[in-house]
Amino acid sequence: MTGFKTLKEKAIAFDRANVDTDQIIPKQFLKRIEKTGFGQYLFYEWRYMADGSLNPTFELNQDKNQHASILIANENFGCGSSREHAPWALLDYGFKVILAPSFADIFHQNCMKNGVLPIALPKEQIVQLLEKGKQQPYQLEVNLEKQTIGDETGFQVSFEIDAYWKTMLMNGWDEIEITLQLADHITAYEQALR
Amino acid sequence: MGQSIIEKIWEQHIVHQEEGKPDLLYIDLHLVHEVTSPQAFSGLRMKGRTVRRPDKTFATMDHNIPTDNRKVINDKIALNQMTTLEKNCEEFQIPLAGIDHPDQGIVHVIGPELGLTQPGMTIVCGDSHTSTHGAFGSIAFGIGTSEVEHVLATQTIWRQKPKTLKIEINGKRQQGVSAKDVILYVLSQYGFDFGTGHVIEYTGEVIDHMSMEERMTICNMSIEGGARAGLVNPDETTFSYLRGRKYVPTGEAFEQLVTKWQSLVSDEDATYDRVITMDAANIAPMVSWGTNPAMTSKVTDSIPTSSDYETAVEKKSLESALKYMGLEEGQKIEDIQIQHVFIGSCTNSRLEDLREAASVIKGNKVHPDVRALVVPGSQTVKSLAEEEGLDEIFREAGFEWRDSGCSMCLSMNNDIVPSGEHCASTSNRNFEGRQGSGARTHLVSPIMAAAAAIHGHFVDVRKMVERQPVR
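Note that the protein sequences, when read in sequence, are chains A and B.
With the numbering used here, the residue at position 97 of the first sequence is 101, and numbering never jumps.
With the numbering used here, the residue at position 448 of the second sequence is 1666, and numbering never jumps.
Honestly, the hints are just simulated from the structure, not real lab data.
Among these hints, one or two may not hold up.
Residues on chain A that point at chain B, a partial pick, calculated with CB under 7 Å [as the list claims (entries may be wrong)]: (1) E13; (2) D24; (3) K31; (4) K39; (5) T40; (6) E49; (7) E88; (8) N114; (9) K117; (10) I180; (11) Y193.
Glycine is no exception: its CB is placed at the ideal position from the N, C-alpha and C atoms.
My request is simple: use the sequences and hints to build the entire structure.
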């Protein structure tokens, strides 16, 4: 995982609530044993028609929405299964930041572990951003260090992030390496159990 | 001040605490399956790491194995995933209940069945329905593949202490109201994300009188309300279920464990971040009509209309759900025709579930427009059911009788509902495409699924007088 500090990139509107992980990456694509190559299957059921052609009405297929890195969505994004294939697919497709009023717990955690930044913002701000994101071109600047999001028209808000995850993401640290430095504590705990 | 069982278990498992960080928690049991583990094992290998406690790790195959003919696996990618698990378990010395093993089954069915799941434990698995194991008074939750790798390497996990939510269900259930109806009712009342950030403790008369199988059904669907974990205080029902199971100590050692487990029970003066109380008398047999589990109504009701909702987001969700489901606002639930019935999944595939369904099926025939299958939760459930003759009851009625696996709950194998067709399913999720592209899922209890199989549409099981004893 590489470190993440600031990013200024295209942001698009994905005005849907309760987007579940079965939609983000359907189960027929969970059989691979690698972490890569899932982007082509992202939102498969919505993105493609039965004959395999692109569904022209789906948001991500519209010309104006190509090459975006920031996805603006509605509440309870990522609900459902624990499949980490969901953030793998989002990342492989090109999304690095997801903005929504709320996220499902497991998905939120899975994003952090893979360097995808899920940012929860108040509903009113998301409503505003969804409107802005529907008009392209639109860019947002996300500053993880200062915990701010802004655009060129003067929109500027701050966001909350757990201090632990902020440090992990900014430095691109390997969590297992950090835990293994505490191996003595784990051994002591195990010995006390006996 | 008193403590809840959630706080007690949490405190007992803290390995390390540090300002500004989550707690480092010890994990007592790590369950592994073929779909969410391969990338974790390759991560270990890449960094030259090993599995810290293979003795606290247990693997099986359930998600994509065939349930009809196990000798022939045509799906080469699925086969690769299964052989990868075999190789990983061999290399890292992890016990495996593989495709031919008599203990094989859905990971959340075999954990309790083998006695691996015990009160007071912390349990994780790369599957969101790990919450099932909370029925035994353990903190059990689903994790992603990065965390599977983390637990394999360290036997610990970093976690922020969760908020606590007590759901107290009092009163008496009506005849024909199953555990599945109770949890679907909770979801229908409180929505799809009310539990986010919480561990749920289920209490009250109704829970006290439930069997372990019923408690597992309730805890299983905690995640459908957004709560990663849900649990029930251990009691005599728990202890007698566990006594004599394969991985549970015997004799004096067991009695000592019971004493320890009893001390975990929530104190009377324990406090919670949120408390919900409800009366079981209000609960009826439930049927989901939409594309998330909270979109559920009583079987005697009609599908809601746009005017029943306040916000634009809710109205839009209703509209798109009904479009996907091919249903109309205000349509009567009992008028929904079904073409498939699936009795199975980690929610409702245990012996008791099969007995219940069989008591409705016995002496009846599956409706000619319906294809129905029973997929037992484990090979053990399958053989016990066969000893009781349940397989004969199902077969005679026209059901297919299969080997165990996740099967049509998420249709990673060949058990698929065709596009546009409706399935009465005892599983846990009715998301778009879950049972197959374009498939229309209705979540119900085993007896409601059985009754729908006979009639070809939903019926209120409370009105069906003919229930045959099967034992």
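Status of each hint after checking the structure:
For E13(A), the interface hint is violated, since its Cβ never comes within 7 Å of a Cβ in chain B; the closest pair sits about 24 Å apart. The closest approach between the C-beta of D24(A) and any C-beta of chain B is roughly 5 Å, which is under the 7 Å cut-off, so the hint is satisfied. Satisfaction of the interface hint for K31(A) is found here, the shortest Cβ-Cβ separation to chain B being roughly 5 Å, below the 7 Å cut-off. For K39(A), the interface hint holds, since its Cβ comes within 7 Å of a Cβ in chain B; the closest pair sits about 5 Å apart.
Checking T40(A) against chain B by beta carbon gives a least distance of about 10 Å; that is not within 7 Å, so the hint is violated. With a least beta-carbon distance of about 5 Å to chain B, the hint placing E49(A) at the interface is held under the 7 Å criterion. Hint on E88(A) holds. Least Cβ distance to chain B is approximately 4 Å, under the 7 Å limit. With its C-beta approaching chain B no nearer than about 4 Å, N114(A) sits inside the 7 Å limit, and its interface hint holds.
Hint status for K117(A) relative to chain B: holds, with the closest Cβ pair at about 4 Å, below 7 Å. For I180(A), the interface hint holds, the least distance from its beta-carbon to any beta-carbon of chain B being 5 Å, beneath 7 Å. The criterion of a C-beta within 7 Å of any C-beta in chain B is met by Y193(A), whose closest approach is roughly 5 Å, and the hint holds.
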